[in-house]
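*Asks:* Numbering (numbering that gives the first Met the number 0), first residue to last: 0 to 189.
In short, the hints are calculated from the structure, not lab data. Note that CB positions come from ideal geometry on N, CA and C, so glycine has one too.
So the derived label-pair ranges between C-beta atoms look like this:
{"hint": "1", "residue 1": "Gly123", "residue 2": "Ala13", "range": "41 to 47 Å"}
{"hint": "2", "residue 1": "Leu64", "residue 2": "Arg185", "range": "39 to 45 Å"}
{"hint": "3", "residue 1": "Ala127", "residue 2": "Ser107", "range": "22 to 28 Å"}
{"hint": "4", "residue 1": "Gly59", "residue 2": "Val124", "range": "25 to 31 Å"}
{"hint": "5", "residue 1": "Val145", "residue 2": "Val32", "range": "32 to 38 Å"}
{"hint": "6", "residue 1": "Leu36", "residue 2": "Val130", "range": "21 to 27 Å"}
{"hint": "7", "residue 1": "Leu60", "residue 2": "Ala138", "range": "14 to 20 Å"}
{"hint": "8", "residue 1": "Val130", "residue 2": "Leu35", "range": "26 to 32 Å"}
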Amino acid sequence: MGGDPAAEYDIARAAGRDTEVLIPLVLVVSFVVIALLLRALVVALVLVATTALSFGASFGLSSLLWHYGLGYSSVNAEIPLYVFIFLLALGVDYNVFLSARVREETGSLGTRRGTLQGLALTGGVITAAGVILAATFAALAQLPSVSVTEVGTAIAIGVLLDTMLVRTVLVPALFLVIGERVWWPRRVST
Numbered sequence: 000m001g002g003d004p005a006a007e008y009d010i011a012r013a014a015g016r017d018t019e020v021l022i023p024l025v026l027v028v029s030f031v032v033i034a035l036l037l038r039a040l041v042v043a044l045v046l047v048a049t050t051a052l053s054f055g056a057s058f059g060l061s062s063l064l065w066h067y068g069l070g071y072s073s074v075n076a077e078i079p080l081y082v083f084i085f086l087l088a089l090g091v092d093y094n095v096f097l098s099a100r101v102r103e104e105t106g107s108l109g110t111r112r113g114t115l116q117g118l119a120l121t122g123g124v125i126t127a128a129g130v131i132l133a134a135t136f137a138a139l140a141q142l143p144s145v146s147v148t149e150v151g152t153a154i155a156i157g158v159l160l161d162t163m164l165v166r167t168v169l170v171p172a173l174f175l176v177i178g179e180r181v182w183w184p185r186r187v188s189t
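Given the sequences, and given the hints that come with them, work out the whole structure.
*Replies:* Shown next, in the form of structure tokens:
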């Protein structure tokens, strides 16, 4: 077999396998790096889980936009992995920035006030950076390439979702619900 259909089939199979292997591997490596940086296993688990959840939600919303809004019949096989890597890198960056500040504030204010103070001090920077980054990636939707449009819109949606909802509401809410145990095994002195 040869030609475009056979080549597309091979690309789709390879991309599917890469996605199945690389996404879990990258999540595990991210967990280890965050745990080492913040010296807390529970925080690392919360941050990796919220980042994965954010990716799933943004990819789902993007797929709806591509199908119903833009009329694309399918998604290129390589797109999920590209979008995942971009959103994970951005999400982990914002997560570590927020969490490090919350941990610092928790040391002197306690978990509840420290989380709120950490969010107040970093929220504006994270939101502003996210809006600028989302607008930059949304500009890719203007290019005459379906793949580039898919990547641009998915990342724009993901960054907005991540900065407006996950980093400003979900992560601080989880910190407050879990309480002092979020910093386990290290204890933050109050």
